[in-house]
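Given these sequences and hints, build the entire structure.
Chain order of the listed sequences is C and U.
Here my numbering is used: position 74 in the first sequence is 74, and no number is missing along the way.
Here my numbering is used: position 162 in the second sequence is 162, and no number is missing along the way.
Mixed in with the good hints, there may be bad ones.
Any copy, or any two copies together, can satisfy a pair, since identical chains are not distinguished.
[Stated by the list, open to error] Lysine-lysine pairs mimicking BS3-like chemistry, simulated, CA-CA at most 27 angstroms apart:
hint, residue 1, residue 2
1, Lys31, Lys288
2, Lys31, Lys259
3, Lys259, Lys286
4, Lys150, Lys199
5, Lys286, Lys31
6, Lys153, Lys75
7, Lys301, Lys13
8, Lys75, Lys256
9, Lys259, Lys76
10, Lys259, Lys79
Simulated from the structure, these hints should not be mistaken for lab results.
2 protein chains.
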Amino acid sequence: MSLDKNEISDWFKSLQDDICQSLEIADGSAKFQTDNWNREEGGGGRSRIIQNGSVIEKGGVNFSAVYGELPENIKKALKVDGNQFFATGVSIVIHPINPFVPIIHMNVRYFEIINPDDENRGAKKTCWFGGGIDLTPHYVFENDAQFFHKSLKNACDKFDATYYQEFKKWADDYFYINHRNETRGIGGIFFDRLTENEKFSIENRFEFVKEVGLTFAPVYTKYMDLHKNDSFSDENKQWQMLRRGRYVEFNLVYDKGTKFGLDTNGRIESILMSLPPLASWLYDFKPKSDSKEQHTLNLLKKDITWVS
Amino acid sequence: MSLDKNEISDWFKSLQDDICQSLEIADGSAKFQTDNWNREEGGGGRSRIIQNGSVIEKGGVNFSAVYGELPENIKKALKVDGNQFFATGVSIVIHPINPFVPIIHMNVRYFEIINPDDENRGAKKTCWFGGGIDLTPHYVFENDAQFFHKSLKNACDKFDATYYQEFKKWADDYFYINHRNETRGIGGIFFDRLTENEKFSIENRFEFVKEVGLTFAPVYTKYMDLHKNDSFSDENKQWQMLRRGRYVEFNLVYDKGTKFGLDTNGRIESILMSLPPLASWLYDFKPKSDSKEQHTLNLLKKDITWVS
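The structure is reproduced here in structure tokens:
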């Protein structure tokens, strides 16, 4: 059996619709603007951006489905054979106004390599799912972090008892700012190359990715509701700007999705929608030892057990 | 004949002193703070940072002289043999408050590979100079750009009639933001691997690098004086933040000095002092067609002849 790639991209498109609607309701004032775009080499996307809302300062919920010739550098990086590819997915980054509302990122994606030789001899196509959700609070609240990981664990546990531990560790390792010796945020889950195998059908992998996608809106809008009215000082706002600076560092130095986009002549405005509306770098800033800021830094570590 | 590496690093140190003094005088209020640091694997540096001045919002003038084992990845990237290196230089980035004062960057450096086999058989050591100066106006003024290139051409012409054209083209190619299809600013000069050869002694290369280093202060303080009192609007300030965003993109995605620093476990605060105090990313911002902002974008191209 085999999944139809259009069925997958249609589902991702409907996920984009759902999430945008939920975010508009939770924000209460701003609306998404839609930009449809075509990729010269094949396919295109539907970028949706929200700016200057009541809760969200800048956010993007992007859908794309692109195809065409597989660039040599990508072929090498992915260690795959074949000359054509198809890639579809939804990518989200939300930067809130209130420093006590966290930044969030989600990506769910499907990738297919098309090798005419395989098709001719009736061999299976090479395809997989990937994705993840991770949370970047400017200020870490332990109970919020526990709720986040609990929600992801629930989604994972419906499919396999090993998923959460494995994908949580993957997120800790992936969302790591090596030159700062700190994690980007409190992690979440990250997974890639979920192919069909003896244990899982490709349909089952798709169902898991759907579950992850549907976890996003209820979890994030909860944080929006919970913290949008928290009062904050100039100092809190300055700290938010510094944490956003770290977010920029991660995305431009390490993030594979950003690199993939820049290397494949992707749509720049959609790729870089993840960058914050305003970010700051101060020289050698160190928070006071007993401050909330230092408490947050202490929790930006790998291998913290938030739920077991 | 051969230069002594300590003589070179001493000169770079005195250049740092000179430039800091000139910048403090031109700023009129802020003073540099000095951080001396040691590198675990060998050597160290003297970072000097100025913040919240009358003219300069954030700037760094950093000296370093580091040595030790040559990391494998650097050996590969530089395509050199040898197991020890020595590197010394001065790096500068200045972010002004007034959007009509340009951002400037300079780097002058000396690199030496130490190969004990070479030393034993009395062979020459492998060593070279590199560096460059480039200007990133938030708003390009043609006469300022001409003055900048004229000053650099004068410095180059004292040493070789081919230097300016060659090093100007090198800067156009190097300071290029590929994913934006635009140059970082109006360029300048860039050069690397200036070794001893039939035409130039290593002493002569050093004299050229000194000339470049000494060009910095009079040129940049002129722009500080010229534009520090220009009146500006919120719109001008917003544009400055967007241009600073592009500066961040260049430094984190393309800059080889930044990559070298991150790859060799350099001092992070010194490497990333180049990042602006505040930067902005707006989704798909396009200036009006007849605006000063669009005029600037039109001049962020390679191969503009500023002086001939």
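Quiz item: Which of the stated hints cannot be reconciled with the structure, identified by number in ascending sequence?
Solution: 2, 6, 7
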